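J.: Line by line, the protein sequences are chains A and B.
For the first sequence, the numbering used here gives the first residue as 1, with consecutive numbering after it.
For the second sequence, the numbering used here gives the first residue as 1, with consecutive numbering after it.
Don't take every hint at face value.
Claimed, not checked - One-sided excerpt, in silico: chain A residues whose CB lies under 8 Å from chain B:
1. Arg29
2. Gln325
3. Tyr334
As the list claims (entries may be wrong) - Listed next, the in silico PhoX-like pairs over lysine-lysine satisfying Cα-Cα at most 25 Å (straight line):
4. A:Lys370 to B:Lys190
5. B:Lys190 to A:Lys378
6. A:Lys370 to A:Lys414
7. B:Lys216 to A:Lys370
8. A:Lys329 to A:Lys370
Note that these hints are calculated values from the structure, not bench results.
The structure displayed is predicted, hence computed values, not measured ones.
Backbone N, C-alpha and C fix where the C-beta goes; we use that ideal spot for every residue, glycine too.
The lines below spell out each chain.
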Amino acid sequence: MGEVILTMKGIDKSFPGVHALDHVDLEVRKGEVHALMGENGAGKSTLMKVLTGIYTKDSGTITYEGREVEFHNPKEAQEAGIVIVHQELNMMNHLTVAQNIFIGREFMKGGLIDDQKMNEESRKLFSQLGIDIDPSEKMGNLTVGKQQMCEIAKAISHEAKVIIFDEPSAALTEAEIEELFKIIRDLRAKQLGIVYISHRMDEIKVITDRVTVMRDGGYVGTLITEECTKDDIINMMVGRVIYEDPKTHSAVPENAPVVLKVEHLNAGKMVRDVSFELRKGEILGFSGLMGAGRTETARALFGADPKESGDIYINGKKVEIHSPQDAVKNGIGYLSEDRKRYGIVVGKTVAENSTMASLTDFVKGLFIDKKKENDATKKYIDRLKTKTPSVDQLVVNLSGGNQQKVVVAKWLVKNCDILIFDEPTRGIDVGAKSEIYHLMNELAAEGKSIIMISSEMTEILRMSDRIVVMCEGRKTAEIDIAEATQEKIMHAATLR
Amino acid sequence: MENFKNLPIIKKLGFNRIILVCVLILMYFLFSLGSGRMLGSGDIKNALNMVDYLGFLALGVTFVIATGGIDFSIGPVMVCAGLIAGRLLVTFGWPLWLVLIMCVVVGALFGVVNGILVAYMGLPSFISSMASMMLAKGVGSVFTHVQNSNWPASGAENSWYKYLVTYNGFPTGLVFLLVVAVICAILLNKTKVGRYILCIGSNREAVRLSGVDTRKWEALAYVICGTLAGIAAITYVGVITQVQPGLGDEFNNNAIASCVMGGTSMAGGVASIGGTIIGVLIISLLRVGIQAMGFRPDYQYIITGIIVALAVFADIRSSRRKK
Chain A
1 MGEVILTMKG IDKSFPGVHA LDHVDLEVRK GEVHALMGEN GAGKSTLMKV
51 LTGIYTKDSG TITYEGREVE FHNPKEAQEA GIVIVHQELN MMNHLTVAQN
101 IFIGREFMKG GLIDDQKMNE ESRKLFSQLG IDIDPSEKMG NLTVGKQQMC
151 EIAKAISHEA KVIIFDEPSA ALTEAEIEEL FKIIRDLRAK QLGIVYISHR
201 MDEIKVITDR VTVMRDGGYV GTLITEECTK DDIINMMVGR VIYEDPKTHS
251 AVPENAPVVL KVEHLNAGKM VRDVSFELRK GEILGFSGLM GAGRTETARA
301 LFGADPKESG DIYINGKKVE IHSPQDAVKN GIGYLSEDRK RYGIVVGKTV
351 AENSTMASLT DFVKGLFIDK KKENDATKKY IDRLKTKTPS VDQLVVNLSG
401 GNQQKVVVAK WLVKNCDILI FDEPTRGIDV GAKSEIYHLM NELAAEGKSI
451 IMISSEMTEI LRMSDRIVVM CEGRKTAEID IAEATQEKIM HAATLR
Chain B
1 MENFKNLPII KKLGFNRIIL VCVLILMYFL FSLGSGRMLG SGDIKNALNM
51 VDYLGFLALG VTFVIATGGI DFSIGPVMVC AGLIAGRLLV TFGWPLWLVL
101 IMCVVVGALF GVVNGILVAY MGLPSFISSM ASMMLAKGVG SVFTHVQNSN
151 WPASGAENSW YKYLVTYNGF PTGLVFLLVV AVICAILLNK TKVGRYILCI
201 GSNREAVRLS GVDTRKWEAL AYVICGTLAG IAAITYVGVI TQVQPGLGDE
251 FNNNAIASCV MGGTSMAGGV ASIGGTIIGV LIISLLRVGI QAMGFRPDYQ
301 YIITGIIVAL AVFADIRSSR RKK
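Chain A on its own, in the form it takes in the complex (with noise of 0.2 Å):
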């Protein structure tokens, strides 16, 4: 670690009703990886948009490079080399990788584009970088890993002195984020100053120097990551232990009849010829490696995207079901992996949006009975613990796992027996994920079913009865908690 390049000091930010940022400092050096962590609404996110200008403080200073600076707009923050690269990328598919990262800077010849010189240019970063892709391919083509090189490309084209990473690794798969880190650890070898914001801290250990955890806006501390256990960090975001056991066998009765029974789905490339059982109070969990085909396997059950052929039987009896009306109507529920497309409704309230699958059920006469409306949503915030200050909060102003929460309300409003949760923890903080293990186990406890999806190995040794394993579209293996290792389903995971 060098010398100091960015403080920030006493930075405190208030929105009407919401202190944001309570007096929070946060010092990052020359060739460090520095972690920023905190269960999400712990104000990571607004710190890095003070510190960029798109927010303004309330007080604080930050003196970058030896002077106190304030940034306006994040355009001078990156005049300065202060760049982010944000989790959602923000690139033009239909345009060339070096189109991309030199857009709105382009190189210009007697009036007209020059794309040979943007081209060299962008390979010169490549080569820098040490990585390969073409600059001349459409982005559009490359896998998000590669897409997520072309940012810190353009990052790096800016002459950044200090990089923030967004959760870089939350689209990646695991050679994916080999590289990244191998960049990262390329560019802190370059003397710049790194800012790394994740939520797995598993890669905190392997990739940052020192951690700062923040928790409800306020500064908690800074540790040397070396000296410190994961479980220190998880103490500080949350103030307890909580990585629990995984299951070691299932808890569903020997008796428990089959709810569901899938066989020979076919639906495009990513589904071939998937067959599976569902029984009464398991949780079946679905692991695989990016693209195996899950998510895909999920939605043509639920009729979200058509299907070729295969047969659906619910409590044995042959279904049909074209669209999410018929598997509503069959009792099905799916919880989305991209919860803020296709979850919630982000500008309706709490109760518009737990009432969305079941608002037949409250109407009386001609218009909605919004005190019946108003008690079945406050039953549910208060069974899943959703915090929000009423029902008619809008639901963009919810933490990503009080969103979660009201769209688990959705489906048990509806009363569904069958849920399908797709990666149901995805950017969701530690205590909230917690919260959302219990809930399903619960559930299941309950005699309701499970399908969950998940990426995360941890997660399905956690909470799984029994584990499907998939690989490009085919459902490679079916194991018993009982005899489920991790090793046994990566095999499984990679069988081509």
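Assemble chain B onto chain A, guided by the hints.
T.: Below, chain B without anything else, positioned relative to chain A:
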């Protein structure tokens, strides 16, 4: 200011709507000042004539915009309904009550067409409503052999339809409009139809994945819109008596501008019936006021354009700040 905004009464009425009403009142005095006289009952009556049919159009298109769509066919559909019903009345001798119902039926049918094109066939509403705009103009012209449709003048036989706009100087049209507006507000805010329309505008895919037949509800928004364009036709003929084929485009713009000014978001998901009505009043007063100030009517387009741009800009600014 923040405290003021959070008063229960202000929240209930909506801060933006209060501002709009203030703008409306301010405009009245500005125009009075500019024209050197207080705008009198004549001017107001003049403005109200426009309010009547523009109001119904704007109410209808509010539902479509709430879904995140747009409908450019409402003006021509209104004119088309007036043309067809007029010819049925005058040339074919249908009873007046029946042709008034026909106005609504014609409007509703165009709504059904738009609904099918957009919700079931997946055309962008921008394009499909352009197509049905052409369709409306064409059908109206063909049906009347490109002749004017001359409805009975005041005092003539079968002229009681004019009472729907004014009765002995009493603005029945305004009452009619306000009653329908209240029904629309209830429909939008208190029923399943309105709930789904707004949610579709906010996040269609999430609504579909909740097991809701989004196509049906989206189509319904266009049917409501078309039906209201049909009702608009009744007050339209009540005001202008002589309907010319091939017209109607300019009403689209005014109606859509009224909605947006009233706080209905073009992105969908947010709509205000009260706001739309105030928007209609502003646009109508603008027209009368500009004339009273002695500008030629063609300037009115320029001034309306500028004011609409400013209003929408203000709206975008305020919603950005909220985020």
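J.: State for each hint whether it applies.
T.: Checked hints:
Evaluation of the Arg29 of chain A hint against chain B yields a violated restraint, the C-beta minimum of about 34 Å exceeding 8 Å. Annotation: Gln325 of chain A was flagged as interfacial toward chain B, and the flag holds, the nearest CB pair being 5 Å apart, inside 8 Å. Using the Cβ-Cβ criterion of 8 Å, the hint placing Tyr334 of chain A at the interface with chain B is satisfied: the shortest such distance is roughly 6 Å. Distance hint between Lys370 of chain A and Lys190 of chain B is fulfilled; the C-alpha atoms sit about 8 Å from each other, no more than 25 Å.
Distance hint between Lys190 of chain B and Lys378 of chain A is fulfilled; the C-alpha atoms sit about 19 Å from each other, no more than 25 Å. Between Lys370 of chain A and Lys414 of chain A the CA atoms are separated by roughly 17 Å; this keeps the pair inside 25 Å, and the hint holds. Between Lys216 of chain B and Lys370 of chain A the alpha-carbon distance is near 23 Å, which keeps this suggested pair within the 25 Å criterion. Restraint check: the Cα-Cα separation between Lys329 of chain A and Lys370 of chain A comes to about 23 Å, which is no more than 25 Å; the hinted pair holds.
Hint 1 alone, counting from the list given before, is not met by this structure.
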